[in-house]
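**Student:** Build out the structure end to end from the sequences listed, making use of the hints.
Protein chains: 4
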Amino acid sequence: MLILTTGGTIDKIYFDAKSEYEIGEPTITHIFQEVGATLPHEIISLMRKDSLEINDEDRALIRKNCVECQASQILITHGTDTMCETAAALQDIQGKTIVLTGALAPARFKITDAVFNVGTAIGAAQSKPPGVYIAMNGQIFEAGTVRKNREAGKFERI
Amino acid sequence: MLILTTGGTIDKIYFDAKSEYEIGEPTITHIFQEVGATLPHEIISLMRKDSLEINDEDRALIRKNCVECQASQILITHGTDTMCETAAALQDIQGKTIVLTGALAPARFKITDAVFNVGTAIGAAQSKPPGVYIAMNGQIFEAGTVRKNREAGKFERI
Amino acid sequence: MLILTTGGTIDKIYFDAKSEYEIGEPTITHIFQEVGATLPHEIISLMRKDSLEINDEDRALIRKNCVECQASQILITHGTDTMCETAAALQDIQGKTIVLTGALAPARFKITDAVFNVGTAIGAAQSKPPGVYIAMNGQIFEAGTVRKNREAGKFERI
Amino acid sequence: MLILTTGGTIDKIYFDAKSEYEIGEPTITHIFQEVGATLPHEIISLMRKDSLEINDEDRALIRKNCVECQASQILITHGTDTMCETAAALQDIQGKTIVLTGALAPARFKITDAVFNVGTAIGAAQSKPPGVYIAMNGQIFEAGTVRKNREAGKFERI
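Here the protein sequences come in this chain order: A, B, C and D.
Going letter by letter, the first sequence gives residues 20 to 177 in this note's numbering.
Going letter by letter, the second sequence gives residues 20 to 177 in this note's numbering.
Going letter by letter, the third sequence gives residues 20 to 177 in this note's numbering.
Going letter by letter, the fourth sequence gives residues 20 to 177 in this note's numbering.
Do not take every clue at face value.
Copies of the same chain are indistinguishable here, so a pair counts whether it falls within one copy or spans any two.
Unchecked claim - In the PhoX-like style, the derived pairs of lysine-lysine whose C-alpha atoms are separated by at most 25 Å in a straight line are:
#1 Lys83 / Lys115
#2 Lys173 / Lys83
#3 Lys129 / Lys83
#4 Lys115 / Lys129
#5 Lys129 / Lys173
#6 Lys68 / Lys129
The set of hints was computed from the structure by calculation and includes no laboratory data.
**Tutor:** Structure representation (structure tokens):
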């Protein structure tokens with residue numbers, strides 16, 4: 020499995036001196052160690068961006084990595100605000116199962132959906148037929164059928 | 020999705036006075052709340068047993084619940100020591116995707132694989148074709164192809 | 020014991036929509052419940068400010084509350100950046116043991132000094148003779164003898 | 020400060036294969052690292068016992084270490100069931116501030132009083148006049164004036 024990390028809340032850390040969040044090292048490496056995951060995988064950190072800052076050039080880079088890699092199962096960690104847009108930009112890639120996930124609360128928080136969401140995405144990426152999916156709130160949505168409901172703080176079917 | 024809980028390390032709690040673990044309420048209810056899971060589901064607590072104590076009668080009860088329910092996606096939380104035996108006992112059920120999972124460290128621990136494993140199982144149960152699977156260590160194994168390696172503390176393909 | 024809360028990193032929370040921290044409810048109430056503290060106490064939330072924003076008027080309010088309360092043991096939670104200045108502003112209050120503490124990482128983080136620091140301050144407030152103290156990094160400093168070393172991320176004797 | 024560890028719930032770990040707790044490495048080393056404690060200290064692990072198994076010989080060893088060390092501030096981590104008995108056995112030591120603490124839930128649990136209690140004890144050990152004290156439930160009790168209320172799960176004044 021290929022894992023592409025792009026930043027987002029899941030990887031956010033906190034610097035006291037500046038009293039603001041910044042995006043740190045991919046947390047997924049730490050998650051895999053802590054839970055004893057034995058799944059063979061490669062992690063590539065493509066960028067460290069809040070998803071509101073991810074632009075067309077970034078999406079082209081993500082797409083290029085998905086298309087050119089040898090893996091047929093791909094997990095992408097991504098900020099939640101534009102996760103659906105990035106999923107749409109990958110939607111016509113053939114022959115690969117691509118699952119995007121992220122978190123509404125940073126993995127470094129005591130209460131976070133990060134570990135659960137990565138688990139859900141890992142499970143789906145090994146199980147779904149080729150296509151592009153979003154794994155959030157314990158559900159597997161097909162790209163193009165889902166949006167983030169900001170007020171409710173959850174993803175839902177369109 | 021139907022969720023059957025049977026006990027095991029994932030649900031273990033600790034009573035100070037007796038200095039030993041006992042199996043408590045299904046932790047999956049708490050996990051779902053904490054991560055904001057919106058997946059429609061029903062939870063049935065069938066038993067609260069260490070998996071070394073699960074016998075043929077218990078397995079018959081688990082099987083009966085899988086066969087007679089209306090759900091086509093079933094998640095079973097189970098102790099790890101005999102998870103593979105229970106999976107084998109369900110293997111010939113037709114038309115349902117059944118995923119077993121559990122944990123090597125209790126969900127109440129700071130460091131635990133419980134939340135991740137439940138996530139993986141939830142992802143697989145919504146994605147795999149009908150069959151019986153075990154979701155542990157970030158992998159989805161087909162029933163009959165997997166064993167617990169006690170010394171290494173992980174599940175592996177036979 | 021009287022507990023005055025003023026904000027600071029210890030009480031910081033995170034709002035996804037705005038991608039920035041804000042200061043929430045005093046976390047000390049939650050800490051006391053979680054650890055089973057039985058110490059009789061009253062909590063007054065005076066303000067919710069980053070300590071860089073605490074001004075002379077705020078310090079006058081904190082001082083007024085210390086002087087006019089009936090308690091002889093007072094704990095103040097406070098941002099770390101100007102904790103030493105606030106301690107200095109209280110230094111000549113007679114007949115009361117006043118201990119300031121806070122945290123370098125929010126109490127809502129998995130890894131935080133918040134719970135430990137509140138414990139240290141609670142221990143000192145019940146034990147020290149009248150005076151003004153800062154409890155940080157497991158040490159009890161007298162007001163006027165301590166500064167925050169921002170680069171090292173710790174408090175140290177001047 | 021001298022820190023003597025004797026075992027107890029605070030240091031309990033869990034071995035899956037045996038489905039029972041055992042007492043592990045002193046957790047206080049880990050706590051100090053995680054919270055950034057800068058207090059100069061030495062840790063001696065005297066024994067790893069459930070406090071119901073601590074006998075007169077063990078108490079003589081603890082006492083000998085308290086009497087013969089050069090430190091004037093001593094922290095002892097101890098199981099809660101006989102913490103009061105050990106405190107009583109040290110009560111006539113002169114010129115030293117000795118504080119005992121422990122935990123009702125293991126430090127490895129998500130919800131635990133371990134970190135808070137160690138903080139309280141550290142604060143008291145640096146602040147109290149010579150004597151023997153127990154720091155539990157956010158309170159500092161003098162040896163001989165306190166008992167564990169097993170049913171209520173807390174320490175209380177006799």
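**Student:** Could you check the structure against the hints above and give me the numbers of any it violates, in ascending order?
**Tutor:** Those not satisfied are hints 2, 3, 4.
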